[in-house]
Amino acid sequence: MVKKKEIFLLLFLLSLGIFFIYIYNYIQQSQEEIFSKIERNKLKNIEYIFKNIENNIVRDNNITDSKELVKLFSDNEIRQEYEKHLSLLLTPTIKYLYLLYKDDKDRFRFLLDASKIDKANFYQKFDVTDEKYKKLYETSSVQIIKQKNMENLFLTYLYPIKSNGNVIAILSVDLTTKIQHIILELISPLETFFIMLIIFIFLFIILLVVQVFYYFMTRKRIFTDPLTQLYNRNYLQEIIPSLQLENYSLAMLDLDRFKNINDTYGHKTGDFILAQSSKIFKKSIGNNDILIRYGGEEFLLFIYKDETNISSLQVCESIIENISSHLFQFDNNDIKMQVSIGIHENPVLEKNMNEAIKVADKMLYIAKSEGRNRVVSFDEKLRTIVHSKDINYVKQALAENRVVCYYQPIFDYKTNKIYKYEALVRIIDSDGSIISPFEFLPGLKHTNIHYKLTQRILSLVLDKFKNSTKSVSINLNFSDLINNDIENSIVTALKENRDLASRVSFEILESDEITDIKLFKKKINLIHSLGSKISIDDFGSGYANFRTILDIEANYLKIDGSLIKNIDTNEKDFKVVKSIINFANEANMKTIAEFVHSKEVYNKLLTVDVDFLQGYYISEPRSEVVEEEKLFKI
Amino acid sequence: MKTLLILIMAIQLLLASNNSVNTHKVRILETIVKGITLQEKIVVWSDNNSLLSVLKKQNNIETSYKCINSTLIILEKNKNLKEECLSKKIFVLNYNLLSTIKKSFGALFWKKGRPNIVFIEPRLKSQSISISKDLESYLEDRVW
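Residue numbers (our numbering), protein chains in the order written: chain A, 1 to 634; chain B, 635 to 778.
Everything labelled a hint here was simulated from the structure, so no lab data went into it.
Don't take each hint at face value.
Here are the simulated BS3-like pairs of lysine-lysine, each with C-alpha atoms no more than 27 Å apart in a straight line [claimed, not checked]:
| no. | chain 1 | residue 1 | chain 2 | residue 2 |
| --- | --- | --- | --- | --- |
| 1 | B | Lys-675 | A | Lys-105 |
| 2 | A | Lys-102 | B | Lys-767 |
| 3 | A | Lys-51 | A | Lys-134 |
| 4 | A | Lys-119 | B | Lys-675 |
| 5 | A | Lys-351 | A | Lys-283 |
| 6 | B | Lys-767 | B | Lys-700 |
| 7 | A | Lys-578 | A | Lys-590 |
| 8 | A | Lys-268 | A | Lys-148 |
| 9 | A | Lys-135 | B | Lys-767 |
| 10 | B | Lys-736 | A | Lys-105 |
| 11 | B | Lys-668 | B | Lys-711 |
| 12 | B | Lys-737 | A | Lys-105 |
| 13 | A | Lys-148 | A | Lys-220 |
| 14 | B | Lys-691 | A | Lys-105 |
| 15 | A | Lys-102 | A | Lys-84 |
| 16 | A | Lys-42 | A | Lys-84 |
| 17 | A | Lys-116 | B | Lys-767 |
| 18 | A | Lys-146 | A | Lys-414 |
| 19 | A | Lys-134 | B | Lys-659 |
| 20 | A | Lys-116 | B | Lys-659 |
| 21 | B | Lys-736 | A | Lys-119 |
| 22 | B | Lys-767 | A | Lys-134 |
| 23 | A | Lys-132 | B | Lys-767 |
| 24 | B | Lys-737 | A | Lys-148 |
| 25 | A | Lys-132 | B | Lys-759 |
| 26 | A | Lys-148 | A | Lys-44 |
| 27 | A | Lys-135 | A | Lys-162 |
| 28 | A | Lys-495 | A | Lys-590 |
| 29 | B | Lys-759 | A | Lys-630 |
| 30 | A | Lys-452 | A | Lys-414 |
| 31 | A | Lys-102 | A | Lys-67 |
| 32 | B | Lys-711 | A | Lys-368 |
| 33 | B | Lys-659 | A | Lys-102 |
| 34 | A | Lys-116 | A | Lys-44 |
| 35 | A | Lys-395 | A | Lys-452 |
Facing chain B, according to a computed beta carbon distance under 8 Å, are these residues of chain A, among others [claimed, not checked]:
| no. | residue |
| --- | --- |
| 36 | Leu-89 |
| 37 | Ala-114 |
| 38 | Phe-126 |
| 39 | Val-128 |
| 40 | Glu-131 |
By construction, the Cβ of each residue, glycine as well, lies at the ideal position given by its N, Cα and C atoms.
Excised from the complex, chain B in its bound form:
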């Protein structure tokens, strides 16, 4: 009985923890998207469907279910990046993807349990992407 109770509590904590990370992630992404300025209107697409669903509910963010119709891709996995979408602006959710996808201009990822944001300054400039003042503290010259 006691074991069962502990198991139930652990599952609840785990779910609460996942929810907490997701909520946190969405909130940060919302700030990032709002802090980015492209030369065209930002229409977000993500290979993470649950993330896209949550973003869709945000008032000031326009989303698309098709990559091709978007202007900003939030990418979780490299394999999900379709060839016809390579021309889009790419923001990744994994630090290593910054090295893999040379075009990606920034990343949001969790390092040692803490959220980290990185914008690669040369890539921003080459793609005419500007970021708000608040995000400037996350600028890096290169991917380490």
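This is chain A alone, in the form it adopts within the complex:
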């Protein structure tokens, strides 16, 4: 878009320049033409006058040859009389007017000289070199000499004085350059007008060029991040309307643990790392790719899809490799950096640019969650996570008390009784529909709203079960567990009610990011000390640290639904589940199989000595706790 503007401007200025050159030449040609026309006109008039003079001299005096002419003008009085009359023709442009005679030795001599200045004597020799004097005698016709190196003279007009068809003398007139000045004066206003116009327009063009220059300089300043020399978010807003998103993949880059660099080495080092990293990014990408500094250490990269070149994913992997292999050296510190990247290879599928960026950002979040220094590409499986309800939705639901808990029974098939219930969060939408946690939980992780939601669930569940004899299981993740507010809520509620505490289990996600094992164990011990139980949720889905699970002395292992749902047909899943149950038995933990959705699955599980069963085949989650008689009603 910018290039088109520049080219258009250049062509415009070029056309204007050519137009002005044409106008200038046209004026010059017109001037020459005017000169020529005025000259011709003036000389024509002179010719008429000279014809009269010729008649007067030759016919009135019956002159038949040059000798008679010399004889006539030898008379001082006659000569003076003629010179007097001829001098009447002198004007500012007619400087000299004289009659020449060619003697026997072919030398020209003055017979008459009507000039007011530089007057020649009678019969004085006049040295002429131009061939036109001779030519006049040969052709008997008027000759015009354009003077070049003669002071003040512009043109000499030679008129033949003839008698009986023979040239007997030359009537010569020297025109001064004043004629040009007169012509110039005549056309001067027009010329001045054009010159002023041209000057004005050229000044305007110069002004325009300066303005354009400053415009592009300002544009550059507005659209460039001074630290990294990359485009900034202003540029993103500028290109959004014209960007052909179908030609690009969209990647969100974030330098890992950049905050630590600033905290440890200072902001100068941080700035250095940012500038250096930007250079590495630029070297790693193609010419058609667009790199934007999106935030502090966040960068947005539009990777142009060129089928002949490497893929977008390869570009991202190259960036990761180049950053991780580079040693950043600043103030005698050697620093290693890593970068995480989330990429959406088909951002055009999203509603708009903001949605596409949001997807790439969530992929980046996943890349961070999965251990950093990696690229995560968006696929349809992740769409549910990406398109979950946002924080404001949950915030509003909390404010309007539309957060509720559903309860799904965990069945003890050996006693045929409900062993306990799992509390499952739901939001009642403004239209009354029930919204599943899959639609709003992914967007809340690590946010304050997530903690508030957890507190609300704890409050709802503990309140409901405090005066009951039934047991309940509540889901927590590691970040909930280490949150002081949540811990206080749990401790306050359970410390005073040991009966309730003994009926409460906390399901901790096995796949959750447990970064501090020591702290994790400490929190688990706190729950144990209150008399509550611990269940490891979704066991088998993540990277289980068996030692940790043994150390924390969990009471239950809930086998991940992905291993259960096809257990009736998938022999491998069956074997894994059997192994988990054996491990749990050895570790003195009870096992719970979730996702029991059919009779076949249910029956298969009865063969593997699992302790408890949970799933839609037994009962779906309900807003109220169900009793045994309402089970198996699908």
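Chain A is fixed; fit chain B onto it per the hints.
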């Protein structure tokens, strides 16, 4: 601004024009001096100092800053002719001086913007001055 530019150009043209006339004059004078033969060695003096300076730079022309030491005077103004130099050969730069200074044998002058040369034949003979063949076309019997 435009007037100033035109004025500057006019002055430049005028200077160029004067230079052109002077150069032309010197070149013609050089030819004339070389074309003249006196009975003694030609040593030129002129009342036109700038002309004398230029002539001095010519290889084949000997000049003098004193009239008395010269053999050929190139005279621009009659008043500059000192009495002690009246015996020298005199070439004038004004046609009318040919009439005023009866002894002057020739002239170089500008008439109607064109250079003109005249040698008065009787005066050449009376002073035993000879001229080259090339200059013979400028010979005149008398001053008109």
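Results for each hint:
1. B:Lys-675 to A:Lys-105: Status violated; Cα separation ~33 Å.
2. A:Lys-102 to B:Lys-767: Measuring from Cα to Cα gives roughly 22 Å; hence the hint holds.
3. A:Lys-51 to A:Lys-134: Judged against 27 Å, a Cα distance of about 20 Å means the pair holds.
4. A:Lys-119 to B:Lys-675: At roughly 36 Å apart (the allowed maximum being 27 Å), Lys-675 of chain B and Lys-119 of chain A break the hint.
5. A:Lys-351 to A:Lys-283: 31 Å, violated
6. B:Lys-767 to B:Lys-700: 31 Å, violated
7. A:Lys-578 to A:Lys-590: 13 Å, holds
8. A:Lys-268 to A:Lys-148: Given pair Lys-268 of chain A, Lys-148 of chain A is violated - Cα atoms ~76 Å apart, limit 27 Å.
9. A:Lys-135 to B:Lys-767: 26 Å, holds
10. B:Lys-736 to A:Lys-105: The hint holds at about 25 Å.
11. B:Lys-668 to B:Lys-711: Status holds; Cα separation ~23 Å.
12. B:Lys-737 to A:Lys-105: 26 Å, holds
13. A:Lys-148 to A:Lys-220: Distance ~58 Å between Lys-148 of chain A and Lys-220 of chain A Cα, so the pair is violated.
14. B:Lys-691 to A:Lys-105: 37 Å, violated
15. A:Lys-102 to A:Lys-84: Holds, at about 23 Å.
16. A:Lys-42 to A:Lys-84: Roughly 22 Å separates the two Cα atoms, so the pair holds.
17. A:Lys-116 to B:Lys-767: The given pair, whose Cα atoms are some 36 Å apart, is violated under the 27 Å limit.
18. A:Lys-146 to A:Lys-414: 132 Å, violated
19. A:Lys-134 to B:Lys-659: Holds, because 25 Å separates the two Cα atoms, which is no more than 27 Å.
20. A:Lys-116 to B:Lys-659: 24 Å, holds
21. B:Lys-736 to A:Lys-119: 21 Å, holds
22. B:Lys-767 to A:Lys-134: 22 Å, holds
23. A:Lys-132 to B:Lys-767: 25 Å, holds
24. B:Lys-737 to A:Lys-148: 36 Å, violated
25. A:Lys-132 to B:Lys-759: 35 Å, violated
26. A:Lys-148 to A:Lys-44: 22 Å, holds
27. A:Lys-135 to A:Lys-162: Between Lys-135 of chain A and Lys-162 of chain A the Cα gap is close to 14 Å, so the pair holds against 27 Å.
28. A:Lys-495 to A:Lys-590: 25 Å, holds
29. B:Lys-759 to A:Lys-630: Status violated; Cα separation ~161 Å.
30. A:Lys-452 to A:Lys-414: The hint is violated at about 38 Å.
31. A:Lys-102 to A:Lys-67: 10 Å, holds
32. B:Lys-711 to A:Lys-368: Outside the cut-off at roughly 108 Å; violated.
33. B:Lys-659 to A:Lys-102: 26 Å, holds
34. A:Lys-116 to A:Lys-44: 24 Å, holds
35. A:Lys-395 to A:Lys-452: 9 Å, holds
36. Leu-89: 16 Å, violated
37. Ala-114: 12 Å, violated
38. Phe-126: 6 Å, holds
39. Val-128: At about 7 Å, which falls below the 8 Å cut-off, the nearest Cβ of chain B leaves the hint on Val-128 of chain A intact, so it holds.
40. Glu-131: At about 14 Å, which exceeds the 8 Å cut-off, the nearest Cβ of chain B leaves the hint on Glu-131 of chain A violated.
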